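Taken in sequence, the protein lines are chains A and B.
Every letter in the first sequence is one number past the one before it in numbering that gives the first Met the number 0, and letter 257, counting from 1, is 256.
Every letter in the second sequence is one number past the one before it in numbering that gives the first Met the number 0, and letter 242, counting from 1, is 241.
Check before you lean on any hint, since a few could be wrong.
Just so you know, same-sequence chains aren't split out, so a pair can sit in one copy or run between any two.
Unchecked claim - In silico BS3-like cross-links for lysine-lysine, where the CA-CA straight-line distance does not exceed 27 Å: (1) LYS313 x LYS202; (2) LYS18 x LYS323; (3) LYS34 x LYS18; (4) LYS157 x LYS168; (5) LYS281 x LYS34; (6) LYS148 x LYS168; (7) LYS148 x LYS313; (8) LYS189 x LYS323; (9) LYS323 x LYS415; (10) LYS411 x LYS189; (11) LYS313 x LYS189; (12) LYS15 x LYS148; (13) LYS189 x LYS157; (14) LYS94 x LYS15; (15) LYS202 x LYS323; (16) LYS36 x LYS202; (17) LYS323 x LYS148; (18) LYS157 x LYS281; (19) LYS32 x LYS411.
Hint data in this document are derived by calculation from the structure and do not stem from the laboratory.
All of these numbers come straight from a predicted model, not from anything done at the bench.
There are 2 protein chains.
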Amino acid sequence: MKNEYEALTLESLPLKLGKVSAITDQIGLETDKWKVKEVGDGNLNLVFIVEGMRGALVIKQALPYVRVVGDSWPLTLDRAFFEYNALIRQDQRDKGIAPAVYYFDRDQAIIAMEYLNDHKILRGMLIDGRVVDGLANTIGNHCARLAFKGSDLYMETKEKKEDVSLFQKNFELMGITENLVFTDPYFDAKMNNHSEGLDPTIKMLRDDIIMKSRVQDMLRNFTCNAETMCHGDLHSGSIMCTESETRVIDPEFAFYGPMGFDLGMNIANYLMAYFSQPAHRKNRSESIEYQGWILGVIQDTVYAFNQEFNNLWKTERNGILYPKCLFEDQGHSSDHALASLLEHIWKDAVSVCGIEMHRRCLSLAHNADFELIEDISLRANLEARNLLMGRELILNSNLLNSVGEVCSMAKKFNEKVI
Amino acid sequence: MKNEYEALTLESLPLKLGKVSAITDQIGLETDKWKVKEVGDGNLNLVFIVEGMRGALVIKQALPYVRVVGDSWPLTLDRAFFEYNALIRQDQRDKGIAPAVYYFDRDQAIIAMEYLNDHKILRGMLIDGRVVDGLANTIGNHCARLAFKGSDLYMETKEKKEDVSLFQKNFELMGITENLVFTDPYFDAKMNNHSEGLDPTIKMLRDDIIMKSRVQDMLRNFTCNAETMCHGDLHSGSIMCTESETRVIDPEFAFYGPMGFDLGMNIANYLMAYFSQPAHRKNRSESIEYQGWILGVIQDTVYAFNQEFNNLWKTERNGILYPKCLFEDQGHSSDHALASLLEHIWKDAVSVCGIEMHRRCLSLAHNADFELIEDISLRANLEARNLLMGRELILNSNLLNSVGEVCSMAKKFNEKVI
Numbered sequence: 000m001k002n003e004y005e006a007l008t009l010e011s012l013p014l015k016l017g018k019v020s021a022i023t024d025q026i027g028l029e030t031d032k033w034k035v036k037e038v039g040d041g042n043l044n045l046v047f048i049v050e051g052m053r054g055a056l057v058i059k060q061a062l063p064y065v066r067v068v069g070d071s072w073p074l075t076l077d078r079a080f081f082e083y084n085a086l087i088r089q090d091q092r093d094k095g096i097a098p099a100v101y102y103f104d105r106d107q108a109i110i111a112m113e114y115l116n117d118h119k120i121l122r123g124m125l126i127d128g129r130v131v132d133g134l135a136n137t138i139g140n141h142c143a144r145l146a147f148k149g150s151d152l153y154m155e156t157k158e159k160k161e162d163v164s165l166f167q168k169n170f171e172l173m174g175i176t177e178n179l180v181f182t183d184p185y186f187d188a189k190m191n192n193h194s195e196g197l198d199p200t201i202k203m204l205r206d207d208i209i210m211k212s213r214v215q216d217m218l219r220n221f222t223c224n225a226e227t228m229c230h231g232d233l234h235s236g237s238i239m240c241t242e243s244e245t246r247v248i249d250p251e252f253a254f255y256g257p258m259g260f261d262l263g264m265n266i267a268n269y270l271m272a273y274f275s276q277p278a279h280r281k282n283r284s285e286s287i288e289y290q291g292w293i294l295g296v297i298q299d300t301v302y303a304f305n306q307e308f309n310n311l312w313k314t315e316r317n318g319i320l321y322p323k324c325l326f327e328d329q330g331h332s333s334d335h336a337l338a339s340l341l342e343h344i345w346k347d348a349v350s351v352c353g354i355e356m357h358r359r360c361l362s363l364a365h366n367a368d369f370e371l372i373e374d375i376s377l378r379a380n381l382e383a384r385n386l387l388m389g390r391e392l393i394l395n396s397n398l399l400n401s402v403g404e405v406c407s408m409a410k411k412f413n414e415k416v417i
Numbered sequence: 000m001k002n003e004y005e006a007l008t009l010e011s012l013p014l015k016l017g018k019v020s021a022i023t024d025q026i027g028l029e030t031d032k033w034k035v036k037e038v039g040d041g042n043l044n045l046v047f048i049v050e051g052m053r054g055a056l057v058i059k060q061a062l063p064y065v066r067v068v069g070d071s072w073p074l075t076l077d078r079a080f081f082e083y084n085a086l087i088r089q090d091q092r093d094k095g096i097a098p099a100v101y102y103f104d105r106d107q108a109i110i111a112m113e114y115l116n117d118h119k120i121l122r123g124m125l126i127d128g129r130v131v132d133g134l135a136n137t138i139g140n141h142c143a144r145l146a147f148k149g150s151d152l153y154m155e156t157k158e159k160k161e162d163v164s165l166f167q168k169n170f171e172l173m174g175i176t177e178n179l180v181f182t183d184p185y186f187d188a189k190m191n192n193h194s195e196g197l198d199p200t201i202k203m204l205r206d207d208i209i210m211k212s213r214v215q216d217m218l219r220n221f222t223c224n225a226e227t228m229c230h231g232d233l234h235s236g237s238i239m240c241t242e243s244e245t246r247v248i249d250p251e252f253a254f255y256g257p258m259g260f261d262l263g264m265n266i267a268n269y270l271m272a273y274f275s276q277p278a279h280r281k282n283r284s285e286s287i288e289y290q291g292w293i294l295g296v297i298q299d300t301v302y303a304f305n306q307e308f309n310n311l312w313k314t315e316r317n318g319i320l321y322p323k324c325l326f327e328d329q330g331h332s333s334d335h336a337l338a339s340l341l342e343h344i345w346k347d348a349v350s351v352c353g354i355e356m357h358r359r360c361l362s363l364a365h366n367a368d369f370e371l372i373e374d375i376s377l378r379a380n381l382e383a384r385n386l387l388m389g390r391e392l393i394l395n396s397n398l399l400n401s402v403g404e405v406c407s408m409a410k411k412f413n414e415k416v417i
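Make the full structure from the sequences, and use the hints.
This is how it looks when you write it as structure tokens:
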């Protein structure tokens, strides 16, 4: 009974956690001096910032339901367990990008982790038109390192399969993605909502049988193809930055899936920031300038991904896949195999990108880039550009060979009169 | 201690199993009348036929090593656990094709199952030139039902992921396939052996960087892409037939993998039977006639697979993939989605087929179709036809749209002067 789950409150938190040395080591023993704030603005959890005499940390606690919807939508507390496991692996695979973890209590679904005091959520920074140095590099590298080091290119096959086996149990959170991202946008699902004025565009998407079929091919890929551990929710709300440092948070949707998944979702959220700019900037030239910066981030992210993946391929390829005994050890180049694998990853990324661009305007969880636009008609027009480009990406993922083509396409849709 | 593993012997078997009612119910209590034979001619296990007053059954027991190699190659006893689990699922998904299971003891790695008295191993029948009515239909349907009913087209997503999680633990047997099938043929692996005279052909295969890269793409697919539960070893030695009935045995290599895997391995073994015929028939016309029958089996197997998959798609598609809410419920056809999925399955099957054709002549476990050919030079020539066709299949799986094209290709290679 002692360990029965109870949601923390501002009052109960110091009482319950004040005896945990992993926590008091970080912020000090003087619980009466602790300042506790609840700052959870996400969709799912309680998030507290706790400041003590020696420092501050974040306490994240899962609720037994989806916060944004309420207790009518129960959700496993074990998502904290998967978030904890993902944070550990992120740190192993790319040191210092995820918040450091100080303490985990599975029964209470609590993780105590590093407080990123100076960092802001990237989505807000993109809405505000702020520039982050090194963003593309950090995220491109992080995606490449997660993709490579969680795969059979790198892991021992036994360890990989044990990890896949473990993360298959995160089926409730995978289920949210399966529904909200891959299916709900394309029919009249109960929790959907969309901006007034989008009906003709939505009808066009839902009437496109070939596109829907490709989206479902990607759902098959999402749910079956356990290539690597993905962050699973790498939108701009899961990235925190200063002007020169980038960190990645909130991997509770982590799952073993396609190596291109995180990259695709990340690019999609940059593209939505891109399309929404005309509503957030003072004038056209400011908008064009900042949009140029965003497209540069997209290009550089993919460039960094490819560079780092290439680097790991050359130096750390010790798993069962594409082994050196079949290539280098026979005096043969493995460049073709690498190029073909990167092409496969890229095609998946492009498809995921298009699908993410759809779901953020059509199903439950919208993004602030568009939602903060008060002019409904402008909002619908910008969302329509985004939706139509999403369709092109899904339909043509086999033909778009480079990130440059994706950026050119964005420029074309950015001019589109709806 | 009572349950500590001990390999059965002809003498100990009645003492140990004579008290198991699930067994005595089948064959009678009079253990002194039991006739016990050890008939295991496979690569891995002990197999006993036990005849009692009331009937007969098979006792299959895993050994803690690979039988064909010896105790220098230890292998998990838990393969019996996965075989048991696979047998149960095969029977749920396609009733009456796998042997009925009477009893399972995990600690002793023992499965008691139906004795197929009248049935012979299909591989021997193909070598002997015997015809089996309904073979194509039974195997085509079985592959389609396993593929469909073990996938997210049919299963509840939670149940599917739990099953994937379970079968990921069969990593030791997956590991054998990963090495012996996908990797060993393409380098000078320790346990490889091949017929004298094949060196130039082998050099050509190992020098083909593009082909090796595609093989490894398929290894990625094998090891990551948990689309459905596959039998995992559906060659002609895992099929037992009378002249008119077909059964499938030995699913210890069962794993969650590509929906086209079983179909591809099955076709490969028919093609090897096909290429080996000139050595087994009395004259050319007999050989041509029986080869024609084999190609007919291949065509009809794929036809039955497609028909049954199509049928299940129309009537049993209740999982998360390609749901009716996106197609039929909107008045839209799902035919395009089905066609595109079948194309995906077929391409995987063609690639797996080519790879299986390679490994059976190049790595550890060869097949009797070629191995029984005493004329070494003839054997090497027939194997070379088979190896070269395998290469074509791997390289052109994207272009071969129908089973007819594969059969035409077989005829072409069957005439090839090496």
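> Quick one: LYS15 to LYS148, C-alpha cut-off 27 Å, is that within a copy, between copies, both, or neither?
Replying inline: neither (37 Å within a copy, 48 Å between copies)
> Quick one: LYS148 to LYS168, C-alpha cut-off 27 Å, is that within a copy, between copies, both, or neither?
Replying inline: both (21 Å within a copy, 20 Å between copies)
> With identical chains treated as interchangeable, where does the CA-CA distance between LYS34 and LYS18 reach 27 Å or less: within a copy, between copies, both, or neither?
Replying inline: within (16 Å within a copy, 69 Å between copies)
> Between the shortest in-copy and the shortest cross-copy C-alpha distance, which are at most 27 Å for LYS94 and LYS15: within, between, both, or neither?
Replying inline: Neither: 30 Å inside a copy, 56 Å across copies.
> Is the C-alpha distance from LYS323 to LYS415 at most 27 Å within one copy, between copies, in both cases, or in neither?
Replying inline: Close neither inside one copy (49 Å) nor across copies (33 Å); limit 27 Å.
> Between copies, within a copy, both or neither: which fits LYS313 and LYS202 at Cα up to 27 Å?
Replying inline: between (47 Å within a copy, 25 Å between copies)
> When no copy is named, should LYS189 and LYS323 be tagged within, between, both, or neither for a Cα gap of at most 27 Å?
Replying inline: between (51 Å within a copy, 16 Å between copies)
> Which holds for LYS157 with LYS168 at a C-alpha limit of 27 Å: within a copy, between copies, both or neither?
Replying inline: Answer is both; intra-copy 18 Å and inter-copy 8 Å each pass.
> Quick one: LYS36 to LYS202, C-alpha cut-off 27 Å, is that within a copy, between copies, both, or neither?
Replying inline: neither (44 Å within a copy, 68 Å between copies)
> Between the shortest in-copy and the shortest cross-copy C-alpha distance, which are at most 27 Å for LYS202 and LYS323: within, between, both, or neither?
Replying inline: The answer is between: 17 Å across copies meets 27 Å, while 50 Å in one copy does not.
> How do LYS189 and LYS157 come out at 27 Å by Cα distance, when the copy is not named: within, between, both, or neither?
Replying inline: Cα proximity of LYS189 and LYS157: across copies only (21 Å, versus 42 Å in one copy).
>> Cα distance capped at 27 Å. Does LYS323 pair with LYS148 within a copy, between copies, both, or neither?
In response: within (17 Å within a copy, 37 Å between copies)
Hints 2, 5, 9, 10, 12, 14, 16, 18, 19 from the earlier list are contradicted by this structure; the remaining hints agree with it.
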